[in-house]
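Student: What follows is the residue order along each chain.
Number of protein chains: 6
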Amino acid sequence: MNDPDRHPQSFAAWHEGIFLPRQAFAGLEPPYSNLRQAKTVVLPVPYDSTSEWRSGSRHGPQAIIDASQYLELYDFELDREIHKVGISTLPQVEPVLSSPQDMIKRVYEVVKGLIQNEKFVVLLGGEHSLSLGAVRAFKEAFPRLSVLQLDAHADLRDEYLGTKYGQACVMRRILELCPISQVGVRSLSWEEKEFLTQNKLRPLYMSDLASNAASVDGIVESLSQDVYVTIDVDVFDPSIMPAVGTPEPDGMSWRQVLDIVESVAIHKHVVGFDLMEFCPGEGPSSCAFLLAKLAYRFIGCAVAEKAK
Amino acid sequence: MNDPDRHPQSFAAWHEGIFLPRQAFAGLEPPYSNLRQAKTVVLPVPYDSTSEWRSGSRHGPQAIIDASQYLELYDFELDREIHKVGISTLPQVEPVLSSPQDMIKRVYEVVKGLIQNEKFVVLLGGEHSLSLGAVRAFKEAFPRLSVLQLDAHADLRDEYLGTKYGQACVMRRILELCPISQVGVRSLSWEEKEFLTQNKLRPLYMSDLASNAASVDGIVESLSQDVYVTIDVDVFDPSIMPAVGTPEPDGMSWRQVLDIVESVAIHKHVVGFDLMEFCPGEGPSSCAFLLAKLAYRFIGCAVAEKAK
Amino acid sequence: MNDPDRHPQSFAAWHEGIFLPRQAFAGLEPPYSNLRQAKTVVLPVPYDSTSEWRSGSRHGPQAIIDASQYLELYDFELDREIHKVGISTLPQVEPVLSSPQDMIKRVYEVVKGLIQNEKFVVLLGGEHSLSLGAVRAFKEAFPRLSVLQLDAHADLRDEYLGTKYGQACVMRRILELCPISQVGVRSLSWEEKEFLTQNKLRPLYMSDLASNAASVDGIVESLSQDVYVTIDVDVFDPSIMPAVGTPEPDGMSWRQVLDIVESVAIHKHVVGFDLMEFCPGEGPSSCAFLLAKLAYRFIGCAVAEKAK
Amino acid sequence: MNDPDRHPQSFAAWHEGIFLPRQAFAGLEPPYSNLRQAKTVVLPVPYDSTSEWRSGSRHGPQAIIDASQYLELYDFELDREIHKVGISTLPQVEPVLSSPQDMIKRVYEVVKGLIQNEKFVVLLGGEHSLSLGAVRAFKEAFPRLSVLQLDAHADLRDEYLGTKYGQACVMRRILELCPISQVGVRSLSWEEKEFLTQNKLRPLYMSDLASNAASVDGIVESLSQDVYVTIDVDVFDPSIMPAVGTPEPDGMSWRQVLDIVESVAIHKHVVGFDLMEFCPGEGPSSCAFLLAKLAYRFIGCAVAEKAK
Amino acid sequence: MNDPDRHPQSFAAWHEGIFLPRQAFAGLEPPYSNLRQAKTVVLPVPYDSTSEWRSGSRHGPQAIIDASQYLELYDFELDREIHKVGISTLPQVEPVLSSPQDMIKRVYEVVKGLIQNEKFVVLLGGEHSLSLGAVRAFKEAFPRLSVLQLDAHADLRDEYLGTKYGQACVMRRILELCPISQVGVRSLSWEEKEFLTQNKLRPLYMSDLASNAASVDGIVESLSQDVYVTIDVDVFDPSIMPAVGTPEPDGMSWRQVLDIVESVAIHKHVVGFDLMEFCPGEGPSSCAFLLAKLAYRFIGCAVAEKAK
Amino acid sequence: MNDPDRHPQSFAAWHEGIFLPRQAFAGLEPPYSNLRQAKTVVLPVPYDSTSEWRSGSRHGPQAIIDASQYLELYDFELDREIHKVGISTLPQVEPVLSSPQDMIKRVYEVVKGLIQNEKFVVLLGGEHSLSLGAVRAFKEAFPRLSVLQLDAHADLRDEYLGTKYGQACVMRRILELCPISQVGVRSLSWEEKEFLTQNKLRPLYMSDLASNAASVDGIVESLSQDVYVTIDVDVFDPSIMPAVGTPEPDGMSWRQVLDIVESVAIHKHVVGFDLMEFCPGEGPSSCAFLLAKLAYRFIGCAVAEKAK
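Protein chains in written order, with my numbering: chain C, 1 to 308; chain D, 1 to 308; chain Z, 1 to 308; chain U, 1 to 308; chain P, 1 to 308; chain X, 1 to 308.
No lab work stands behind these hints: they were computed from the structure.
Since this is a predicted model, take the numbers as computed values, not measurements.
There's no promise every hint is true.
Said to hold, decoys possible - Stretch by stretch, here's where chain C covers chain Z in the computed footprint (C-beta under 8 angstroms, at least three residues):
#: 1; region: 98-105
#: 2; region: 188-199
Claimed, not checked - Derived lysine-lysine pairs resembling DSS-like cross-links, with alpha carbons at most 27 angstroms apart:
#: 3; chain 1: Z; residue 1: K39; chain 2: Z; residue 2: K84
#: 4; chain 1: Z; residue 1: K200; chain 2: D; residue 2: K193
#: 5; chain 1: Z; residue 1: K268; chain 2: Z; residue 2: K200
#: 6; chain 1: X; residue 1: K164; chain 2: Z; residue 2: K105
#: 7; chain 1: U; residue 1: K164; chain 2: D; residue 2: K105
#: 8; chain 1: X; residue 1: K164; chain 2: X; residue 2: K200
#: 9; chain 1: C; residue 1: K193; chain 2: D; residue 2: K105
#: 10; chain 1: C; residue 1: K105; chain 2: P; residue 2: K105
Here a beta-carbon is modelled for each residue, glycine too, at the ideal position from N, C-alpha and C.
Just need the whole structure built from these sequences, with the hints factored in.
Tutor: So this is what it looks like as C-alpha cells:
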C-alpha cells in the first residue's frame, strides 16, 4: 500500500469516484480546497458564550458547511464556476472560555495570519462579538477600513450583562476602531437611541427601505474603499430566517440582501465578511442552505472583483 | 432579615441588579407591573379544550410572555417608552373543564372586574371561543361596542362537534351581541357562506386586500367608536405564523396587520384586544416574538391614544 | 347485526354522526370517495430511495392526506363544492426496492389502469423520479402530451449517483418522451447549463418572473393541448415550503403558483398532476396544509374544466 | 372496469401486491379486517379536552395504528398468528365537545353496540375519562365486572378543574360502578390518600412490586371473573414511555406489565381493554410501537382464551 | 379597587380559585412560598457559558420549575405534606458574562445571603461550575463541610478551554476547599486518572455499584457531618435522563440515586444541594418532571431532618 | 507562508492549540488518524435506500462521528489509551443508487482494499444490507469466517419489497456464505420461523437471555476462530436506543451487549464489526454517544487482542 497521507493523489486514485468529499465548504476537494492556492478561506468559529435567550449559534458554522455540500458549484446567475478561485475550509477554532476578550483575541490572531497570506476571509459564527476580532485585524492591514453591518439590532450598547465585549456591544466597540454603516435595524434600546443622536449616527431602518428613503447606491456611497461586511443573520425576515436568537419581524428579503452585497462587491474592495448568530436548531434546514448560498454568491462577487 | 413579602421595595434593594425580573409581560418590574397603577392588564388564559387537529394553544400565553422578556421597552418607531403606561400581568386563569360555556363565563367575570377598574385588557389565548367572554363583558360596559376580527376563518358556524360554544362558532355568538367586521378571511364553509349571504354580511377577504378593493380607511369606518379587536393569529401568513391549528396559505403580512391595528387605535376608542389560537409548538420561536411585539406595539398605540 | 362490510349504508346508519370519516383525501365519504363514480383519483406513493441529503418524502403523501381532513369542502373563491366531482383515494402504492426503474414501472402500470378508466390522476409523492412513470402512461394515451414542470431545479442530469433514473435525472428522461416547459428554476449544474444550451432549451428562471420577462400567458402558450403538470414542491419559496430536501431561496409565492395552475387548467386539457418531494418532517404542518389546499384547488379548476 | 366498491375482491385482484393495506390495525386486510367476522374491534377515540399540561393524547390512536403496520403478524413467543382471530379497526370516533359527560356517553353507546355484537373491544385513547364510557357499557352486560387499572396515578379525585368527569376523576366514577384493582400507582394527592383510607382500599404501589409484597397471582385473585383492563400508559417507566402527560419516574417495565396482562388473560375472562393517555409527540416513535405490540399481544392472549 | 400590590391577601381574595399560582416551585402560594417564612429557597441560575457540545442548561431551571407545577404536594411514600416547611422560589439570577469567575462570585454572594438567613438552599443550574460559588459560601459557614458529588464525570481537570473555572474543572476547585466524595463516575481523562492516583482519591465508579463493592452506608460514612450535595444530572442513566450535554451510558437508576439522597439526608446535616447541567431541549419532558420530583423528595427528607 | 498542504506539521505549528481537530472519529489528529499507520479504519456509509418506515440511517455515520468528538481517549475501565493503536476515518462512501446490489458491491470493494492493507474495519451504517458487502470481503480473506449478529430481528426473509438484497434479507444472504450466530432476536415473521425450523437454526432470543438459558460463553463457543460482528443497533432496548426504524421493546442493555463484545474480542479473532441502522433523528443525542463509546470500547478490546 502506498502512503496515502504523504501522497494524497494516489489515495485519491484508489477510491476514485467512491468516496464523498470531506466536509469542506461546498464539498470542495483538492486542488480547490487547498489552503495554499485558495484565495478564499472559510473560518468556522463555534462560540456563543455571551448569547442571551436561545443559544446555539455555536452549531451555526457546521450547519452552514453541511448545507453547502448541496450547492451547485456553477452559479448560473453569475455564469461562473465560483469554486475555481479556491475556497479552503479551516478546522473549527477551539473556543477559549476564560472571557469574551480572550476569544475575540483568538479570532484576531487567526484572521491576522490569514490577511498576511492575502486570503479573503469568510468568518462563520458563532456569536456577533467575534466580528470585533476580525475587524481589529483588518483595520491594522487596511487603515481606512469601514464596516457595513446588516443587522436587525444596532448592537451599540456600552455594556451588557456585565461585559463590554458581548454580542450586544460589538458595534460600539467596532465604532471605536472605524466608521460603520448600519442597514436593516428595526429594534433599538433607549440607550442606543441616545447614543445615535449624540453621535449624529443614523442607521438605515427597515422603514427607510420600505419607503425607498434608502437606496443601494446610498449604502455603497456611505462606505470607504476597503470594506468589511458583517451580517447578523437576523437581518433577514423571520419567514426565511427564524433560526436566530431574537427574530425581529419585518426583516429583509433574500433579494434585498443580495442586491446590497452584490453592489458593494462590485463597487468597493471587500476584504472579508462574516455570517453571525445563526442558531440552526431554531428553524428548518432551509436556513442553513440559504446562508450557504449567500456565502457562495458573495465569494463569487467579491473575490472575482478583487481579481480584476 | 427584613420581610421581603411585606416590603417589596427593601427586597428589591437587597438584590439590586442581581435577579432577572419575574415573568411579567415585557419583563416589567414595579412600579410598571403593579396592578393598581397599570393602565393595561395582560390576562393569560391557557385553555384549548374545543380545538381540533393540532392542539396546544394552551401553551400560547406563556410562550408570548416568555418571548416578551426580550422586547426593547423603548419603541423607536413610535419613539415612546411604552411600558411607562403600566402593564400588569395577571397569573394564568385556571381552566374550568365542565363545559366551554363555564370557561367562557369565567373569562367574562375576570374581564368584567378589570373593566370596573378601568383597565385596558390584553387577553392572551388559548382558543378563540374565550373571546366571547371578553366581548360579553365589554358589551355591558360599552353598549355600542363593535368587534374587529382579524382571522383566516369566519368562525360563523352555528354548532360544531356538538357545541355552540367552540372555536368554530365564536363569531356567530358574538354577532348575536354586537356588529362585527371581519378581515383576512380566506376559508369559508358552505354553511357560513349561506349565513353571510342571508345576513348581508361580507368579510374583507384576502383577495380584497390583494386587489385594493379594501382599504384600511374602509375598515376603520365600518366600526363604531368603541372597538374590541380580536385577532386569531392564523390571520397572518403561514410564512411568519405557522404555529396555528389550521394554517391557511396566503395570509396577511406583519405590515398589513400593523397598519390596521395602528389606524384603529388612532381613530377609534379601542377598549381591549386579544391574541388567540397561538400554538407555539407548531412553529419556530420567531412566532412568539412576533406576537409579543404586536401586543406591545398595540398597547403603545391604543393606550396612549386613550390618554389624550 | 347486519353485515357492515357488505352493506356499508347500514353500517353508516348505525353510527350516523359518531365516527370521523376514514382517511380519504379531504375526509370524503361515499358516494364522493367511491372509486367507480369519482372523476378524480388520488394516488399516494411513499417512495424516496434515490433522494439525497434530507430524505423523508416517503412520508409526504400521508401528511398531505392528513392535512386535507381540515379543508373546507366548499371553495368560496371558486364558489364551488369541489368534492362533488368525486375524489377517490387509493391505498398507498407499495414500494418495490430492487431498482428505481422497477418502481417507476409500477407507477406507470397503476396510472395506466387509471387512465383506461378515465380518471383524472393526482399523484402524491414521494420522490420526483416517480413522475416518469406517470408521464409514460399519459404519453401513450395522449400522444401530443406536453409536461409543465414547476421546480427549483432543472432535474436534467443524465446520470447521478450511479443511476439514470434518480430524482436528479427525471426531466432528462421525460424530455426523451415529450416536450417540457420549466418554470421557477433557480439552480443549475454546469452539465445542465450545457445541455440546455445545446438543446436550445430555456427554463423560465425566477429572475424572469421577477423582471416580468415571463408571463402566465407565455407559459400557457408554450404547452400543447394535453398537459401533465409536475410540481416539485421546492418550487415554492422556503418561507412557505421549507419541508423539502434542497430548499433553494427566492422561490415562488402561493399566488404565483396558483395563477399558473388556474390558467393552465382553464386554457388547456390537464390530464393529471403531481406534487412531489414533500418531506413533512423538515418543516411545520402549514406545509402539508398548503399542499392539500393546492391539490384541492387544482382539482377544482381542472376537473370542472374537463367537464365542459 | 369493474365496480371496485361493490366487489372489493376484484379490486384487490387488480392491484394484487401493488398497494399497501389501508390503515387498519396491524395492516390487516379482508377477511381479517372485516367487521362482521372479526372477534376483536379496535376503537380509536381522539379526544383530550380535559387533559392538563401536555396535551396531545388525541393523536394517540392514530400513532398506535400507524406503528402497528410494522408488527409481525406471527407472534413467535405465543407461536400464534394472532390476526387470524380477526381484528377490525373502526374509524375514529368524532369528538363531541359540549362536555366530558357527552363524550363519555358517546363512547358508552359505541361500546354497547359492539358488546351486543359480541366483540372483544380494544379502546385506544384519548384521555382516561373515556374509560368510564366503556366500563358503563360492560357493567350492563357483565354485572359482576371488575376493573384492573394499570396506572401511575390513582385518578380518584372527586372533582378537578370544575368537573367530576375529567381524567383525574375517572376511577372515582368507575368505583361507583364496580370494584377496581389498582397496580403501579406512585403518586397520590392528599385527598386521594384520605379516600383510600376511608374506603379501606389499597393500590399496589410500585414499592410493593419492588419489594415483592405484590405478586401477579395476588393481582389476579383480587379480580372477579369478568374483567375489563384499563391501562393508563404512564404506568410504564418513563425510560420506555416518556410520551405521556405526567411522566412519573420509577414505573413498570415491559416485562412486568406483560406478565400481569398475560396472567389475567389466561385466568380470567377479559371482556376488553384500553390504552389511554398516550401523547405521541412527547416521546420517540418507539413508544407507539411498544403500545402496538402490547395491544397485539394482549389480543393474542385474551381472545384466544375466550375461544376455549 | 384595593391595592393588590400593597395588600396581597385582599388580592388573593379577589380571585379566589380563579387564577393558577404564580410560577413558584411546586406551584406554591403564600404563605408557603413567602421568602421570610420558608425554610427552603429554590435558586434558579440560567447560565451555561462554559458548556461544550450541546448547550442549553440555561433553560434547565425554568423547565424544572414548570414541571414542578404538576407535583402532588403530598408525598405518600414519605407520608408528608412537604410544602408545609415552606419553599420560596427566587427570581432567576441574571448572568454576568465577563468571566466564569465573576458569575461564580455572584452565586457565592446570593448563597451567602441565604445562609445568613438560615435557608436551606436548592440551587438549580445552569452549568456545574456554579456549584463552586455555593460551596464557597457554605464552607465559610460550615468549616468542616464535605461535598457529595453524584456525577458521570470527575470534573477534576485543572484547566479546560483556557479557563480553570469551567464545568470540567469544578470539582478540582472544590477539592481545594474541602473533601469530596464522588459517586457514579464512568468516564475519566488520563489527566484525571493521574490526579486521582497522586492524591490517593478514588471515586465510586458505576462498576463498584454494579458489583456491590460500594454501599450506601459506605458513601454516608465517607462524609463529614455537614454535607453539600452536588448532582450533575448526567449521573442518571441516559434512559431516564438523556437531556444532558454528555450522556454517558450505564448510569444510575432513580432508585439508586434516591437511596443515597435519603440516607445522607437522614444521617447527616445536609446544608443544601444542587441539580446541574440539565439541558431540557435534549430529551423528553419526563426528564424535567423527574428532577422536580427528586428536588421535592430531597427537600422532604433533608429539611424535616434538620427540623428535629 | 509555508505550504500547509504539503507540510502539515508547519501548518499545525501555526495554529497550535487554536483549532479543533477535523472531524475524525474520536477527534483524532495525526499521527493517530493517519491511514497508513492506523490499525483501525472507520468506514462511514450513508446509505438507506431499502429501509421501511422511518428512514434516516444515512445520517447515522456522521452522528456517531460527531458524538465521538466528546469521548475521553483514555478508557479507564480498560486502563488503556485506545487511540494509540491508530484509528483513521475514511471519507463517507458515496452511495450508488442503481440497485442495492451495486451499493453492496461498492462496500465489498472498499472493505477488500482495507483487508489487503491489514486494517481492522469498523463499518458505520447506513442500512443493514451493507453488511453483506463487508462479509463477502472478509469471507474471501478468512475462509472459515463466522458472523455474530446482534439484532432484534432475524433478517432472514428471502425477498422483501421486490428485492433479495434489502435490509430484511441480509442475514439470509450472509448465511449463504458462512455460519451465523444470532443474539437478541425478539421478532420473527412466519416465513423466518419456518426457515429457522427447516434449517435447524435457533437464534438466542431475548427470552433465553432473560431466563439464563443463554450464556456469554455459549455464544462465544458457537463461533469459529475468525469472527465478524454485525450489530443492528435495534438490538438495544428502546429505552437507550429509540433511534432506530423498528424499535422492538424488551431489548438488550448496555452491559449485556458489552459483555458479549468483550468476551468475543478476548477469545476470538475479530476481523471487523459494524454498527448499522442507527437513525439519529428518531431519538436523543444520547444514542449517538452510546454508539460512539461502544465502537471505541470494541476497538479497545479487539485490536489490542489482535496485537498480542
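Student: Under 8 angstroms between beta-carbons, do enough residues of the region 188-199 of chain Z, three at least, approach chain C for the coverage claim to hold?
Tutor: holds (count 4)
Student: Do the alpha carbons of K268 of chain Z and K200 of chain Z lie within 27 angstroms of each other, as the hint requires?
Tutor: holds, 24 angstroms
Student: Is K39 of chain Z within 27 angstroms of K84 of chain Z, Cα to Cα?
Tutor: holds, 9 angstroms
Student: What's the verdict on K200 of chain Z and K193 of chain D, does the C-alpha distance respect the 27 angstroms limit or exceed it?
Tutor: violated, 50 angstroms
Student: So if I understand the rule, the pair passes when the alpha-carbon distance is 27 angstroms or less; does K193 of chain C with K105 of chain D pass?
Tutor: The hint is violated at about 45 angstroms.
Student: Would the pair K164 of chain X and K200 of chain X pass a check requiring their Cα atoms to be no farther apart than 27 angstroms?
Tutor: Judged against 27 angstroms, a Cα distance of about 22 angstroms means the pair holds.
Student: Per the coverage rule (Cβ-Cβ under 8 angstroms, at least three residues), is the region 98-105 of chain Z covered by chain C?
Tutor: violated (count 0)
Student: For K164 of chain U and K105 of chain D, compute the direct alpha-carbon distance and say whether it is at most 27 angstroms.
Tutor: holds, 18 angstroms
Student: Against the 27 angstroms threshold, does the CA-CA distance of K105 of chain C and K105 of chain P hold or violate the hint?
Tutor: Within the cut-off at roughly 25 angstroms; holds.
Student: Next pair to validate is K164 of chain X with K105 of chain Z; report whether the Cα-Cα distance is within 27 angstroms.
Tutor: holds, 18 angstroms
Comparing the model with each earlier hint shows violations of hints 1, 4, 9; every other hint is respected.
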